[in-house]
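*Asks:* As a plain string of letters, each chain reads:
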Amino acid sequence: MATTPLDPEELLPLTPAVFHVLLALAGGERHGYAIMQEVTASTQGRVKMGPGTLYGTVKRLLAARLIEESDERPDPQLDDERRRYYRLTALGQRVVQAEAARYAEIVEVARGKRLLGKPVRIARAGGAE
Amino acid sequence: MSQPEDPSAVARSRRLFERLLVVYPEAHRNAYGPAMAQLFRDQCRDAWRARRGWGLAALWLRVVPDLVKTSVGEHLANLKGAKSMNEKISLLLRPRSAPRVVFLVVSAGVACLVFGAATLITFLVPESYVSVARIRVERDTTDITPTDYNSRLVGGGYDPYFIQTEFEVIQSELILDRVIGELKLNEAWAKKYGAAGPLQTATTRSLLRRMLDLRPVRNTTLIEIRVYSGQPQEAADLANKLAEAYREYRLKNAQQSLRAARHVSEERIKAQEKRVVDAQEKVARLRKELRVPDPEPATEELALKYEPFWGAKQELAAANRFLDELRLKHEAATAESGWAKATPVEFVDRAVPGFRPVRPNKPLNLFLGAFGGMLLGLVTGAGMAWAASRIGRSLRRAEATP
Numbered sequence: 000m001a002t003t004p005l006d007p008e009e010l011l012p013l014t015p016a017v018f019h020v021l022l023a024l025a026g027g028e029r030h031g032y033a034i035m036q037e038v039t040a041s042t043q044g045r046v047k048m049g050p051g052t053l054y055g056t057v058k059r060l061l062a063a064r065l066i067e068e069s070d071e072r073p074d075p076q077l078d079d080e081r082r083r084y085y086r087l088t089a090l091g092q093r094v095v096q097a098e099a100a101r102y103a104e105i106v107e108v109a110r111g112k113r114l115l116g117k118p119v120r121i122a123r124a125g126g127a128e
Numbered sequence: 000m001s002q003p004e005d006p007s008a009v010a011r012s013r014r015l016f017e018r019l020l021v022v023y024p025e026a027h028r029n030a031y032g033p034a035m036a037q038l039f040r041d042q043c044r045d046a047w048r049a050r051r052g053w054g055l056a057a058l059w060l061r062v063v064p065d066l067v068k069t070s071v072g073e074h075l076a077n078l079k080g081a082k083s084m085n086e087k088i089s090l091l092l093r094p095r096s097a098p099r100v101v102f103l104v105v106s107a108g109v110a111c112l113v114f115g116a117a118t119l120i121t122f123l124v125p126e127s128y129v130s131v132a133r134i135r136v137e138r139d140t141t142d143i144t145p146t147d148y149n150s151r152l153v154g155g156g157y158d159p160y161f162i163q164t165e166f167e168v169i170q171s172e173l174i175l176d177r178v179i180g181e182l183k184l185n186e187a188w189a190k191k192y193g194a195a196g197p198l199q200t201a202t203t204r205s206l207l208r209r210m211l212d213l214r215p216v217r218n219t220t221l222i223e224i225r226v227y228s229g230q231p232q233e234a235a236d237l238a239n240k241l242a243e244a245y246r247e248y249r250l251k252n253a254q255q256s257l258r259a260a261r262h263v264s265e266e267r268i269k270a271q272e273k274r275v276v277d278a279q280e281k282v283a284r285l286r287k288e289l290r291v292p293d294p295e296p297a298t299e300e301l302a303l304k305y306e307p308f309w310g311a312k313q314e315l316a317a318a319n320r321f322l323d324e325l326r327l328k329h330e331a332a333t334a335e336s337g338w339a340k341a342t343p344v345e346f347v348d349r350a351v352p353g354f355r356p357v358r359p360n361k362p363l364n365l366f367l368g369a370f371g372g373m374l375l376g377l378v379t380g381a382g383m384a385w386a387a388s389r390i391g392r393s394l395r396r397a398e399a400t401p
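Note that the protein sequences, when read in sequence, are chains E and S. Everything in the first sequence is counted per numbering that gives the first Met the number 0, starting at 0 for the first residue and increasing by one. Everything in the second sequence is counted per numbering that gives the first Met the number 0, starting at 0 for the first residue and increasing by one.
Simulated from the structure, these hints should not be mistaken for lab results. Just to be clear, a hint being listed does not mean it is correct.
[What the hints assert, rightly or not] Below, in silico cross-link-like pairs of lysine-lysine (DSSO-like), each with a Cα-Cα straight-line distance of 30 Å or less: (1) S:Lys-79 to E:Lys-47; (2) S:Lys-287 to E:Lys-47; (3) E:Lys-47 to E:Lys-58; (4) S:Lys-68 to E:Lys-58; (5) S:Lys-183 to E:Lys-58.
[Claimed, not checked] According to the in silico footprint, chain E covers these stretches of chain S (three or more CB under 8 Å from chain E): (6) 66-77; (7) 119-128.
For clarity, every value in this text was computed on a predicted model and none was experimentally measured. For each residue, glycine too, the CB sits at the ideal point set by N, CA and C.
The shape of chain E in the complex, shown without the other chains (with noise of 0.2 Å):
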């Protein structure tokens, strides 16, 4: 099937469900669950994905065909249930990419006028990748 390649920035700016969920995947496939853990570890706890808010913006984003499914089978390291796993696609690392310099473009300008002090290392939960 042809698809006609889209511009990134025509996507942008994302809502922030929108960028954690292709962030959380952009180190790799990952299932539900693995994407929610994923999202709270990286903000500290401040962002708690309901599975309203995950699935809708899981939804979406498999319309904008920023990510696809790639697998269904279970996690070793939960138990034995099938489940769903997703992983980007060539548009959608190229739309989390432009967020993510959009982002760090601003983040530049605050650092200019004196309002960011130095960058934070976030640690991440069990070290999963």
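With the hints as your guide, set chain S onto chain E.
*Replies:* Leaving out everything else, chain S in the frame of chain E:
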């Protein structure tokens, strides 16, 4: 890796969550329902591990608003695709689950609205304290009962309207204006309500009446004077001052009555003394006219031969006896301080400032708001669900008909 069985609280939470997924549109529910339930169960496990029941409760508090918000969002997203109002209604009401969804949404919405309104009103209404002064009231009676040859006894006897009459007296201008004057309420309340100058006494009186609640204590002669105010000290001061003003009014009235009764008694004695003098003169005149001998004959001969003289002597004796009676009563009452009758109104309990507001009754209001909201929500939800099922059925029938 097999997991141990979930605790029953986690399993129950998952089952409940799965039932609540009915609020989503059918297509979304079919596509993502199982995944959402799976994610929720994972979150329940984490919450239970961290904080047991409290963790689950906190999770539910986060998930329910998320459920409501996102289900409404999904329904609106569906409707955006529909062109006309009929299509939109059809999308909403066609699915078989529509009545259940309508029932849940409407009953929850109405219940929240009613409870929210009750809560808002409860916390917006200014608080009010009550103070109660209790007084014992007696009717005015005197020991000097006016007697006459043809008089009837006054005072005493049961009056079924007595307490009600006294209620009206306590709320009358006589008593209220006295309280207003002594506590300078015209000025004090002008400041309280932000008026430019002192309030009119009529206005202050009207405000004071609204704060007042009088109640009889059953099977006694006690009256409770209750005053409600936003300031506990003011309520107590007003209740006590009202009781004092009423007591002074009744005392003054009783003393006036006693003075009047004494005056009447003295007048009667004077009148009787005059009658005695008149009777003595009559006896002397008749003795002369009838040439009654001295010493006087025996009673039978006196009565037979000098009948008018004998009659006058009887009248004189009776008048003297009555005069003695009046004097005795007058002296007895004065000697025993019968004039200084005990006050007809006595303080039993003085009012004290309340330490807790009595209005609004917050727990009761909130309970009624919750109960009423739930009841109204159920009734409205059931009615709307019934309507939705009728519409849905006819829509499905219309679509099935070629």
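*Asks:* Now, for every hint given, state plainly whether the structure supports it.
*Replies:* A quick look at each hint next to the structure:
1. S:Lys-79 to E:Lys-47: 28 Å, holds
2. S:Lys-287 to E:Lys-47: 130 Å, violated
3. E:Lys-47 to E:Lys-58: 18 Å, holds
4. S:Lys-68 to E:Lys-58: 16 Å, holds
5. S:Lys-183 to E:Lys-58: Violated, because 73 Å separates the two Cα atoms, which is more than 30 Å.
6. 66-77: Per the Cβ count (6), the hint holds.
7. 119-128: violated (count 0)
Checked against the numbered hints given earlier, the structure breaks hints 2, 5 and 7 and satisfies all the rest.
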